[in-house]
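> Chains as they are written, first to last, in our numbering: chain C, 1 to 306; chain B, 1001 to 1416; chain L, 2001 to 2324.
Please keep in mind that the hints were generated in silico from the structure rather than gathered at the bench.
All C-beta atoms in this analysis are idealised placements derived from N, C-alpha and C, irrespective of residue type, glycine included.
Some hints here could point you the wrong way.
Sample of chain C residues lacking proximity to chain B, with all beta carbon distances greater than 10 angstroms (derived) [claimed, not checked]:
| no. | residue |
| --- | --- |
| 1 | N41 |
| 2 | L197 |
| 3 | H199 |
| 4 | R207 |
Sample of chain C residues at the chain B side, in silico, Cβ under 8 angstroms [what the hints assert, rightly or not]:
| no. | residue |
| --- | --- |
| 5 | E196 |
| 6 | D204 |
| 7 | E211 |
| 8 | L215 |
For each label pair, taking beta carbons as the anchor points, the in silico distance ranges come out as [claimed, not checked]:
| no. | chain 1 | residue 1 | chain 2 | residue 2 | range |
| --- | --- | --- | --- | --- | --- |
| 9 | C | V16 | L | V2103 | 48 to 54 angstroms |
| 10 | C | N155 | L | G2079 | 32 to 38 angstroms |
| 11 | C | L27 | B | Q1149 | 39 to 45 angstroms |
| 12 | B | E1027 | L | P2240 | 41 to 47 angstroms |
| 13 | L | W2149 | B | P1037 | 31 to 37 angstroms |
| 14 | B | K1167 | C | F147 | 18 to 24 angstroms |
| 15 | L | A2069 | C | N41 | 36 to 42 angstroms |
| 16 | B | R1120 | L | A2007 | 36 to 42 angstroms |
| 17 | C | F147 | L | A2188 | 49 to 55 angstroms |
| 18 | B | R1120 | C | S208 | 45 to 51 angstroms |
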Amino acid sequence: MPRSFAHIWFVAPAVVLMIVILIAPILVAATLSFTDYSLGNTTADWIGWKNYDRIVSRSSFQKMFVATFTYVAVVVPLAVGLGLGAALLINSLQRFGDFYKTIYFLPVMAALLAMAIVWEFTLHPTVGLVNETLAMSCGTALEAIPFFAQGCARNFPLWLGDKDYAIWTVAFIGVWQGFGFNMVLYLAGLTSVPRELYHAAEMDGARSGWERFRLVTWPMLGPTTVFVVTITCIRSFQVFDTVEAFYPQGGGPSKSVYVMMFAIFEKGIQQNLMGLGSAVTIIFLVFVLFLTLIQRWLIERRVHYA
Amino acid sequence: MATIRLTEIQKSFGSTEVLKGIDLSIEAGEFLTLVGPSGCGKSTLLRIIAGLEAQSAGEVRIGERLVNGVRAAERNLAMVFQSYALYPHLTVAENMLVPLRLRDLAFRERLPLLGPLLARAKYADLRRQVTETAEVLRLDTLLDRKPGQLSGGQRQRAALGRAMVRKPTAFLMDEPLSNLDAALRVHMRAELAELHRSLGTTFIYVTHDQAEALTMSDRMAVMMGGEILQLDRPQIVYDDPADLRVAEFVGSPKINALPGAADAEGRVHCLGIALTRRLAAEPGQPPREVTAGLRPEHFALSPQAGSDTLSGSLIYRENLGADVYLHLDLGTLRLVVRAGVEEARDYSLGARVHAVPRHDKALVFAEDGRRLRFRDETAGQDADTGLAAVARAAKAFVRPANTAQNAPQREAAAGS
Amino acid sequence: MTRFSAAETWKHAVLIVGALIVILPFYVMLSYSLKSPGEIERNEGGFFGSQAMMIDERCVKRGEPDRAAIAAAAERFPGSTDSEIQAALMAELRAACSRRPAVFNYTMAFSEAPLLRYLLNGVIVTASIFFIQVLVALPCAYALAKLRWRGREVVFSMVLFCLLIPVHAIALPLYIMLAKVGLTNTYAALVIPWTISVFGIFLMRQFFLTVPDDLIDAARMDGMNEFAIIWRVMLPTAVPALLAFAIFSVVAHWNDYFWPRIVVTGNRDLFTPPLGLREFKGDADGSFFGPMMATATIIVTPLIVAFLIAQRRFIEGITLTGMK
């Protein structure tokens, strides 16, 4: 084509920025992860796999993996399941569906840090609204439940301050924040299911809602589900705001909420152990890449569905 | 196999009335087509029969059973959808297995993995039924493909297979051919008609294409504006339409509708021609406007103008190979005339063409579209009155009502 | 229809319980931002609190009369002892320092910390991020979708690869790089990592693919050069996609906490709203719950209000990520 070289001007800024901002840092992190570099030092020593050794062997890092995977394992199924459930319910309503949709979507819009601080108040052991409400059950029939009996006899859980509850509470907030997003994606997915398929299912003898769901809805939502699960996974791996807001001093009671992003922040930024932080970064990236590749593979496999 | 009877079916969405009291009786084993322009209510009627839509008033009976309020899954009807509605994640075989599984197996036996183990014999039997049906439809080589890997015609057959496999009381088809290309559509018409003959099951077929209705059906119901205008064998609907709208809808190219006037004696004058036949007199009928309908094949060409010819200049030659349709400009309207290929060769664009209508084929319609009979047609009937003519014209759509009236007697007969 | 109303009622019941849990923290936030410290502590006063006058202790402390003030006020209280004068002055002061709790909380939110400055920073940062993202992504997307050149496939696969990289995850090396060029604690540091939106490129490319080539050829026939085509033909056609992307981008960066937390240390002038709130929390003692909740409310409100006004657009924008 005799046309100008305009495309170079169009593409160059983006390409340069992609290389400098996205690709170079990965290489930098990969390199630094084999050194004991700290910011301010002019040189750094090559220490081989030592950083990775530490991550695998040290108990604080083991706690990091436990905390991160617990968080992901709780948040992903719940946020996806509740998102799907809410979408199905709302979709089947005759009226007021938009009202619930709006409310469930609110947490997605609100700054998570601000909401974390609010949750901290709400879950405050003594003056928080949650425990106040639970305390109202004392003296009622609810006391038959061991949880309430124990709470009324001594006190209700400290939630964020109790190492048995902390990670679950943080995960709950993760679910609270994220399921509305999934709901909206599922609602979009539901509108693209052809109505005729439901009619065909009805004609074929699918009598119950469950049969229609199994035969039509769930398979047709397959691609949406793959996407929703991956994006929820990646987001949960990246959890940081809540953890930092609740436990600025590091990882919560007995490091039970010491998630990966917080570890990167603490080691790299706060303690200036750049080599170690970079090693965690690389491990993190490997997880994320792995997840996304699984997603791509699943989606490719379904391409011929059309 | 059973008759399907509809009585006084009404349906409205909000304030719009879609069906205005439909009476229809479909005989067992019949191929009945509901045909009409889009929005005439034909698909709604089909969906009411299927149970996918509830009627606002009226009764649906399948055999002797009143199925109002019975859900689609319980009516044992099968439907072929316009978009085929095959489950895209299942193979053709699995698609065909779905209705069998859902109907013939208990919940426990339908469990994934466990089910096939529990009811191995049943599954083998169901699979055999699928294979048999697939052979009939020549689907056997496609059983392991998913719908996305099939061509339009193959999908069409897979959808038929899913409907056939469980041997329903009747097949309901909602414009099943409209997503196919023209050649395949013509081919599938023949296949469907043949399939109907070999299965002997009732087919209720919805289409907007009058050609499909004419070629395939035993009887066709022409619907417009939520009513059945005429219900009869295709040839009768074509030759003897009860209403101008029917005459215009059925037949391609469209019938020529020529403005005319009838005097008190029943003589019809139309574009300067006086029809030789006279309308049956309706007493006290003043002169009035009528429409004369003449199909393109009901003209002969004449070399010169005469008192009996309609003349116009040729503006378009529609060459269909075997026949040529000549479009003539008559000043205020356009006349379409069929001519043989040889005959048409003599005329070039702009030439004057003189067409002689066949008086015996002319159809006359009143201003409201109602068919008006000729005297010679009504002769021999009880009274030579217009009323009798109207009664005769209306006979076609009175017929289902009659059968509905007869129904209790027949039921009683069946019961005794 | 009565047959379905029972099921319908159940669905509503379930959804309402869910809605209550979802709305709970918003309720707490708004309610606390209106109440006095005592009411928060004792958990009373319902949603609005009693709004009884309360005394601002800090204001009192600041205005406490010293010896000179008492001497100066001696004429106003002839024949009183010093302690009597002091008591009288204190009473006046307390009267002057009493406020409605809601007013107190919200004025404190703005006076205790430079909240306006934070909000302004938030606007500057999100706006510049979005502006630069479009400036970079739009031409690139156009070239990828509508121009033919060698290497196009390579660049596009690079875009696809970069889609895999979450920017938060590579924060550490980015921080080191910025520190090396001395850019930490600047607006630039807050903006630079987000200037390239691979997602934006991808999105716009997909959108441009649907624009007919004829439109572009017509523009060329009219004598426009490629630059003019981008800004005068493609940009206007891409407005719906751009709007959705804008919402996606603004929501992400207004609410972002992680990255500002890393690159802005100490310098309050650069704080974005979430950082400001965090700082507030760090300083807070018990009596500051109210003002802090007021701050949180102020930070969260702009997006929520915008969302409530243009719901459909927002949901479209946020779910755009689902188009991959």
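> A closest beta-carbon separation below 8 angstroms is what the hint needs, so does E196(C) meet it against chain B?
holds, 4 angstroms
> Is it the case that L197(C) keeps its Cβ farther than 10 angstroms from each residue Cβ in chain B?
violated, 5 angstroms
> With 10 angstroms as the threshold, tell me whether N41(C) passes as away from chain B on beta-carbon distances.
holds, 57 angstroms
> Should the hint that D204(C) touches chain B count as held when the rule is a Cβ pair under 8 angstroms?
With Cβ-Cβ at 4 angstroms, under 8 angstroms, it holds.
> Given the hint of 36 to 42 angstroms, is the C-beta distance from R1120(B) to A2007(L) inside that range or not?
Holds, at about 37 angstroms.
> Is the hinted range of 18 to 24 angstroms satisfied by the C-beta distance from K1167(B) to F147(C)?
violated, 57 angstroms
> Please test the hint of 39 to 45 angstroms on the beta carbon pair from L27(C) and Q1149(B).
holds, 43 angstroms
> Lying within 32 to 38 angstroms: is that true of the beta-carbon distance N155(C) to G2079(L)?
violated, 58 angstroms
> So the hint says 41 to 47 angstroms: do the beta-carbon atoms of E1027(B) and P2240(L) match that?
violated, 55 angstroms
> Given a hinted range of 31 to 37 angstroms, is it respected by the beta-carbon distance of W2149(L) and P1037(B)?
violated, 52 angstroms
> Does L215(C) pass the interface hint, meaning its C-beta sits closer than 8 angstroms to a C-beta of chain B?
Where the cut-off is 8 angstroms and the nearest Cβ of chain B is about 7 angstroms from L215(C), the hint holds.
> In terms of Cβ atoms, is chain B entirely out of 10 angstroms range of H199(C)?
violated, 5 angstroms
In summary, the structure is inconsistent with hints 2, 3, 4, 10, 12, 13, 14, 15, 18 from the numbered list given earlier, while agreeing with the others.
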